[in-house]
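Spelled out, the chains give:
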Amino acid sequence: MEVLDLARLQFASTTLFHYIFVPLTVGLSLIVAIIQTQYVITGDETYKKMAKFWGKLFLINFAMGVVTGIVQEFQFGMGWSEYSRFVGDIFGAPLAIEALMAFFVESTFIGLWIFGWDKLPKKVHLFSIWMVAFGTTISSLWILIANSWMQNPVGYELVDGRAQMTDFGAVIANPNIFRQFPHVVAAAFVTGGFFLIAISAYRLLRTSETIEKLMFTRSLKTGLIFSLASILFVIGTGHLSGQFMVEKQPMKLAAAEGLWESEAPAGMSFFQIGDENERTAIVNIQIPSLLSFLTFDNFEGLVPGINDLNSFYQEQYAEIYGPDADYVPPMIWMLYWSFRAMVGFGMLMTLLALVGIFFWWRGSLANKRWFLVILPFTVVLPYIANSTGWMLTELGRQPWIVQGLMRTEQGLSPNLTPVDLWISLIGFTVVYGVLAIADIFLLWKFATTGTGSDSNLPLPDSSSGDLQLKSAY
Amino acid sequence: MSIDLNTIWFILIAVLFTGFFFLEGFDFGVGILLPFIAKDDQERRVVINTIGPHWDGNEVWLLTAGGAIFAAFPNWYATLFSGFYLALFVILVAMILRGVAFEFRSKDDNPRWRKTWDYALFIGSFLPALLWGVAFANIVRGVPIDESMTFTGNFFTLLNPYSLLGGVVTLTLFILHGGLFLTMKVEGVILDRAKAVVSRIRMVVVVVVLLFVGYSYFETTLFEGFTIVQGIGLVVAVAALLGAAALIYQKKFGLAFIGTGLTIIGVVLFLFGGLFPRVMPSSLGAEFDLTIYNASSSPYTLQVMTIVALIFVPLVLLYQGWSYWVFRKRVTVDSHLEY
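Protein chains in written order, with the numbering used here: chain A, 1 to 473; chain B, 1001 to 1339.
Derived from the structure by calculation, the hints contain no laboratory data.
No incorrect hints appear here.
If you want the footprint, here are the derived chain B segments under chain A, 3+ residues with CB under 8 Å:
1. 1055-1061
2. 1099-1109
3. 1299-1305
For each residue, glycine too, the CB sits at the ideal point set by N, CA and C.
With the rest of the complex left out, here is chain A (with noise of 0.2 Å):
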């Protein structure tokens, strides 16, 4: 492999693995904060120990996404110098900002929150929950204010070769985060919703004790509200998100529907076999006009094709690039599979709150048994979904590296040999994979066994008292 292809492969995987934690981290954060909430003003201790049975899950979690999360501050500099110094005028600006405003306080309020509910106030102690989840939730907003950037360029000129901002407010109110903020926001919060349905679920089959009954009863109701309520965000905002897409990056729709021509109606395919190297599809099956409705909200609207989109970039940026460069992404079968898991992951999920919400309803919730054992295995349905979501934006947005100003090869480290990819790739695997499965295995064993009320004794004064139990956290 050249080069280029490993630097993709490790951006991209490192990336893919670091979110993996990054939307329970941002989720299960807002959860942990309206828990503990609900304790501080009810006194009930059943929430207390709810707090913290999901808040320690919570802190696995997090350091798994605190610590993936540093390599991605260095490696738009150790593997993309050109594209760091194309647009680091811009693209640095956003990242610069949430290290000062989320880092700071998301790792701050962390510390304060997990040493201090012995030492804190209760409601300062409150506070820096509510601080760590509006952390997380500021650093999501920053980071795709930049993301942003590189789907749809706003508030710049080209100057010598780079892109410098002209206009701030410009960068920061790109139509396109409106679209992608709450729609990645509320797939955290689904994820996190996902992820107390099913280990409540998993818990209340298994026990008969009173108190566990009601904490996961309470967990599996408050994650389904939660689940239910986003899912409807990410639905509508996706929507959105479908139709500023044609707009700003017709190839990646195009892609996305394997839409080799242009059509007017465009339907909606639902399988296709395709033939790549031909740019054409062998087997589709298609609703018709449905692609059309749902771009243009009329059953008329003509979807660029592939193949029309390919010729027409080549005639705009022959001078650039040369009449034969191709502008079609790779692995346009990846994209197509990625945006149906996507789509059909989160019709899934969508039914699951409704019928849990239904039994809950009809009070049959506790008794549904057959569905209680389905849950616990739904918990990987939203981690599908956010990774295909986010290899169809990026995968989507190939060859580009910035959309329409710079390709991916342009972007490239010129110093890099194969063997310092070879070497990193190979190191971030090995340690990645033996971190996930230390990971699991702690999530395993704290949500399965996990009562909460671990470290749920009296406040220690320091002097006295048995430290064996006081330290058992």
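Take the given structure of chain A and dock chain B to it, following the hints.
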């Protein structure tokens, strides 16, 4: 005298690195001392918990410095991070293992599990403490950078006697700094061991730092066009370190910690002051040097970032300071140990 925005950002990045070396410096030191100063599991937990609430916030100083370099001096970010690729890869792996170790270590009581994470904590503290010194010594010494601002060396270019000595400077200084931090945060036998360690290594650090300053005279351009800022940095660093050594001898450990802290500040002043207005001198010729002007963002971006920094840096100092205040008490085996 008016200071331009490029200079302000150069100073701010120096401040961010000072924050990182000062704060993460002592928690690296604590991580390195862990196997030597804590003999059983309970003691190790005490030692880890002294930095438990803080290490993550301390590390963000580095992330912010990285982000600030990217935003204010994209060419510096690009050349440095791509040029030091493998060295940074090692630092990243070390910091990844270390961060996870804090959170995972005490969540299972299998002795082998705990031992593994103790190793991760030690190595994860040792390598970055060494390698950040190596990296900065290379920056001030100059690395091969060509006319397209591309680093033309390789991993082994970075391993030279001067930079390795620079690594030993940060390593030993952080160990001393961490040991002194522990003297303020623990009690009993661990406190005795911490006192013994700092007493034993204080002169080693003095010698290493003086050697480094002397070696810099021959190996770098730091002393050419010597400025007042550098002079202050050098005097502060050496005086504070000698002071710290003397204070340790007099068993005034808390004051000695301020001494090592000032030493770190002085060293950063000396190095950054010597670089200014360059950010990465090229060993291939001064015409290829990266400076605060040819590496910088546009004036507009620097303005925007200045406003952001003026608002948020004081806020950060405020709430991070508060968090140190909340956890100011010593940690003992009787404390509520979260990690």
